[in-house]
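Two chains, two frames, a set of hints: combine them into the complex.
Those sequence lines, one after another, are chains A and B. Each residue of the first sequence is one higher than the one before, starting from 1 at the first, in my numbering. Each residue of the second sequence is one higher than the one before, starting from 1 at the first, in my numbering.
Keep in mind that the hints were calculated from the coordinates and are not lab data. We put the beta carbon where it would ideally sit given N, CA and C, even for glycine. Some clues are possibly wrong.
Taking CB as the label site, the calculated pair distances span [as the list claims (entries may be wrong)]: (1) B:GLY112 to A:GLY113: 29 to 39 angstroms; (2) A:ILE14 to B:ASN151: 23 to 33 angstroms; (3) A:ALA95 to B:GLY40: 50 to 60 angstroms; (4) B:GLY157 to A:PHE87: 50 to 60 angstroms; (5) A:THR277 to B:PRO125: 36 to 46 angstroms; (6) A:THR286 to B:GLY112: 25 to 35 angstroms; (7) B:GLY184 to A:GLY248: 40 to 50 angstroms; (8) B:GLY40 to A:ALA309: 44 to 54 angstroms.
So, partial list: chain B residues that the calculated Cβ filter (under 10 angstroms) puts toward chain A [said to hold, decoys possible]: (9) ARG74; (10) ILE76; (11) ARG109.
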Amino acid sequence: MKQGRIRRDHTVAIAFAVFVLLAALGPWLPQWAMFIMTVAVARGLVVLGLLLLLRAGLVSFGQALFYCLGAYSAGALGRFFGISDIFVEMLVGGAVAAATAFVLGFLLARYRGIFFGLLSLALSMILYGLLVKSEALGSTDGFNILPSTLFGVRPGPDWVRYAVLVSAAAVALVAALAVHRYLNTPLGRLAPAIKDNEIRVEYMGASARRAVHVKYVIAGGLAGVGGALAATVVGHIDPEMAYWTTSGEFIFIAILAGTGNVIAPFVGALIYGAIHTMAYDLSPNTWQMTLGVALLLLIVFLPSGLWSAFSRFRWR
Amino acid sequence: MAIILDARSLCKAFGAVTAASEVSAAIEKDSIVGLIGTNGAGKTTFINIVTGYLKPDRGSIAYEGRDITRLPPRDITRLGICRSFQIPQLYGSLSVFDNMLIGIGIVLRNAGLAGYFSRRDALVPGYGEPAEAVAERILGRFGLLEYRDRNAQVLPGGARKLLDIALAMVARPRILLLDEPTSGVSAQEKFGIMQMVLEAVRAEGATVLFVEHDMEVVSRFAQRVLAFYDGRIIADAPPQAALAHPEVRRYVVGTRA
Numbered sequence: 001m002k003q004g005r006i007r008r009d010h011t012v013a014i015a016f017a018v019f020v021l022l023a024a025l026g027p028w029l030p031q032w033a034m035f036i037m038t039v040a041v042a043r044g045l046v047v048l049g050l051l052l053l054l055r056a057g058l059v060s061f062g063q064a065l066f067y068c069l070g071a072y073s074a075g076a077l078g079r080f081f082g083i084s085d086i087f088v089e090m091l092v093g094g095a096v097a098a099a100t101a102f103v104l105g106f107l108l109a110r111y112r113g114i115f116f117g118l119l120s121l122a123l124s125m126i127l128y129g130l131l132v133k134s135e136a137l138g139s140t141d142g143f144n145i146l147p148s149t150l151f152g153v154r155p156g157p158d159w160v161r162y163a164v165l166v167s168a169a170a171v172a173l174v175a176a177l178a179v180h181r182y183l184n185t186p187l188g189r190l191a192p193a194i195k196d197n198e199i200r201v202e203y204m205g206a207s208a209r210r211a212v213h214v215k216y217v218i219a220g221g222l223a224g225v226g227g228a229l230a231a232t233v234v235g236h237i238d239p240e241m242a243y244w245t246t247s248g249e250f251i252f253i254a255i256l257a258g259t260g261n262v263i264a265p266f267v268g269a270l271i272y273g274a275i276h277t278m279a280y281d282l283s284p285n286t287w288q289m290t291l292g293v294a295l296l297l298l299i300v301f302l303p304s305g306l307w308s309a310f311s312r313f314r315w316r
Numbered sequence: 001m002a003i004i005l006d007a008r009s010l011c012k013a014f015g016a017v018t019a020a021s022e023v024s025a026a027i028e029k030d031s032i033v034g035l036i037g038t039n040g041a042g043k044t045t046f047i048n049i050v051t052g053y054l055k056p057d058r059g060s061i062a063y064e065g066r067d068i069t070r071l072p073p074r075d076i077t078r079l080g081i082c083r084s085f086q087i088p089q090l091y092g093s094l095s096v097f098d099n100m101l102i103g104i105g106i107v108l109r110n111a112g113l114a115g116y117f118s119r120r121d122a123l124v125p126g127y128g129e130p131a132e133a134v135a136e137r138i139l140g141r142f143g144l145l146e147y148r149d150r151n152a153q154v155l156p157g158g159a160r161k162l163l164d165i166a167l168a169m170v171a172r173p174r175i176l177l178l179d180e181p182t183s184g185v186s187a188q189e190k191f192g193i194m195q196m197v198l199e200a201v202r203a204e205g206a207t208v209l210f211v212e213h214d215m216e217v218v219s220r221f222a223q224r225v226l227a228f229y230d231g232r233i234i235a236d237a238p239p240q241a242a243l244a245h246p247e248v249r250r251y252v253v254g255t256r257a
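Isolated chain B, as found in the complex (with noise of 0.2 angstroms):
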């Protein structure tokens, strides 16, 4: 299959820690991958330096063959890899509806469909619809819709979740980076936040890479597993044969080797 997202030999240290060395892994279109480790290990600091947020020290990404990796967030959001954050980055005061809005105005703003003398009822790119429809869309879809008019400061824990997520969503990423999507999430739902997650992903036909702890939603889930430790890859395989690596049974899933 095509790859989609190529990193090579990333490095990145913080003072004495190193928290990505020769990290490289080569991200195929459409595909799920699970991103595994301890905490401190290098899996968010791999989300960072792909969206953005770190420049890393040496190394390179490639996005369909372009370098991105000097790129400020913003730019590489509008390419199209977006993501979501471990604590949910909401914007607190709104309602969950104007959460919606808010993001399908950048996008129609990034499309040039939102100028001061704009039509209202522009039709968002990618969905044909205008953006009121669309928000409506896609809070169905997240199962937020009975939270519309809420505001988003005072979600229960698993909705501020999905909303992070359908915020990283809008603009119909084709790479989507979760970090920790289901983390302070209660085990019942933890699947059923993957489950619509994914469902939705699949309707619009991205690649996915997801940071996770729960090792039964990485296997349930994932095709592929890269399992991060001190700052390296230590194995890069399907979830049964990653979770089986000596050194990942060692140093990730527990010492039961």
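This is chain A alone, in the form it adopts within the complex (with noise of 0.2 angstroms):
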């Protein structure tokens, strides 16, 4: 019955394993380090939502859009309304920026390849553009995040780091393992077939324009959360996080990964960040050639991102 299609799969034991020891090693870590990885959570988890996309063939050059909405939405709330808890910064975020797919959803799934991608990319420009504009959110400059609460608690200056970084590991373990069995039943598997024949998926009943309104609103929704956090852990918002690059940066992140398990995002962004401080260490001027030549030599030598090199020797 099993054989063939499901390989054993150890994605929920490495999942967990990942967060026990994070929580454990955590306080040993130095602050610098924490801070690299919350931020990697953050933009694990806008990738984790771009790899939905990307299997069904779709490329949302403005994933930036909803990462900056989430982020806006937790500086909103904090600016407005006093509230910092972390949890309520993200779920907020997340929901904001999910309802805001549901809405532009019913637009861009009826498109596809370059055409969804340049109007994804469009619309994040149109929230970049009215952010400029608005002084009320701080213009260019944007505005501070109040520090992070949890629960009402406001964790001392040398754990601040600490709580911040288990509870994105906590959200980033929960939003992993739901999109892994997201991706394991009908709806999710309908991905790669939307990739191949959508005429075929209609011919069998599905509606292709539906099963990818879907996951726009699954990956709006994470871009948000992932927002929200990046928010809080930065302490700084401003307009840049919808501008086209960022985008980029997740594109890139999510080439880097590759999109063939749930916790490739978020080693793919752990890397990309290192690599990032890295490179603008040793020259702050030419730190991009650095992480050019970094996904040249990935491209040729890994082409389906870096997790193909594990699943290689591992479940196959």
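What follows is the structure, encoded as structure tokens:
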């Protein structure tokens, strides 16, 4: 019964192990490492959503739209309502982004290929334009985010980063496992079918457009949670978060990581963050070049992303 | 016998080209109907209109008394009218087995058995078995088990045709429309494919409409023939009578009249 298609899958065990390890070793990590890791979790969440779309053959050049919406929702909670609880921020950020994706999805789910990509990019640039013009939200300077609290408790200065990291990792764990399960439902499995042959999907009685819409909403929600998280970690938000280069970063990470597994986006984001930080340290003026070379090497040697290096020896 | 599909006065024009002109046909339940005609005569247009890919300019189609003229393909499929394609429409990057599982997944979903929290081993409606067993069974019936883990893109021509038909059979259609099931297949394989398909269909109990160019295949397997010419049906009769029809002899079979 289970031969062939269902290979032994350790995703759930690995995800839990990584989380426990992180929570246990966290207190001994240096502050900068925790910062890099938390930012990686935030970006990983966005890329996790991108993975869903990429599997269906859709490249969104506009996930920054939802990332930025999530961040500004978190910021607005603090600025206008004095709320700084990290879970509330992530929840609201994700909800606002998912709701926006739901509305925009009626338009975007009709498009494929380059049209989908450019339309999503255009939408994110509209948000960028709006934020740049809005004085109340700090225009191009953006504004600062309140220090994070956790269920009404404000952790001491030495523990804030750790508390945020573990909260972020917990959310990422839940998100990754939820997506992992989704990918194994019939609707989730429809992704490669939509990529391959939409006509056949329709003639078997399923709506490709609806499946794309659902994926777009999930991806938007995840990007919103990631954005809210990034806002609280960095402590500052500005319209750059909606700029197209931010979307480009997410696609960069998705290609780097590969779409083979739900853990891959987080590994990819961490490696991206590490390369980025090191390249910037070594030569602040040419870090883009270092990143570019890294991506080129990867495309040449591991065209299915970093994850394919793991899966090749483990699961085949 | 009861009429399962009733097409009335279907008309469809693409610019100056008339693809269907007053096409009417009442198809009886559980019958096997061959559609013949030269290329461009309107056979595929007829199938495309019935399955909702094209909307007719005029006319209507009723399926078991229900008007389906304006429904989109997926709704018509859900009602039990499935089709295969002249050029097989497969999920090329996936294995043969995964092709089947995707189809079965859609059947489960449409039956409300494949939600996020549904059991993975839910029984497929109409089969009473879990998805993987159903996939094995259908592949076995079409002689495709040997290709189970092969990529659909690299199958031999005959197997591609059969997989395309197998995908159309997954939802247990009441009406199966086969667009040139034996085109691009060797002469020896033709009869084998038709035999296999009709046996599978008989096991399920479905009405079959198939487009075919080989008159030998038509007279062997069809109970009734619709001959198309220039967007019209020029003959509607049992195979012997239809193939003897003067217009059919002249326009479809050849110039032996």
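Going through the hints against the structure:
1. B:GLY112 to A:GLY113: 29 to 39 angstroms: holds, 32 angstroms
2. A:ILE14 to B:ASN151: 23 to 33 angstroms: holds, 28 angstroms
3. A:ALA95 to B:GLY40: 50 to 60 angstroms: This hint holds: roughly 55 angstroms between Cβ atoms.
4. B:GLY157 to A:PHE87: 50 to 60 angstroms: holds, 57 angstroms
5. A:THR277 to B:PRO125: 36 to 46 angstroms: Violated: the Cβ-Cβ distance is about 54 angstroms, outside 36 to 46 angstroms.
6. A:THR286 to B:GLY112: 25 to 35 angstroms: violated, 57 angstroms
7. B:GLY184 to A:GLY248: 40 to 50 angstroms: Given about 44 angstroms between the Cβ atoms, the range holds.
8. B:GLY40 to A:ALA309: 44 to 54 angstroms: holds, 53 angstroms
9. ARG74: Holds - the Cβ of B:ARG74 comes within 10 angstroms of chain A, reaching about 5 angstroms at its closest.
10. ILE76: holds, 9 angstroms
11. ARG109: holds, 5 angstroms
Checked against the numbered hints given earlier, the structure breaks hints 5, 6 and satisfies all the rest.
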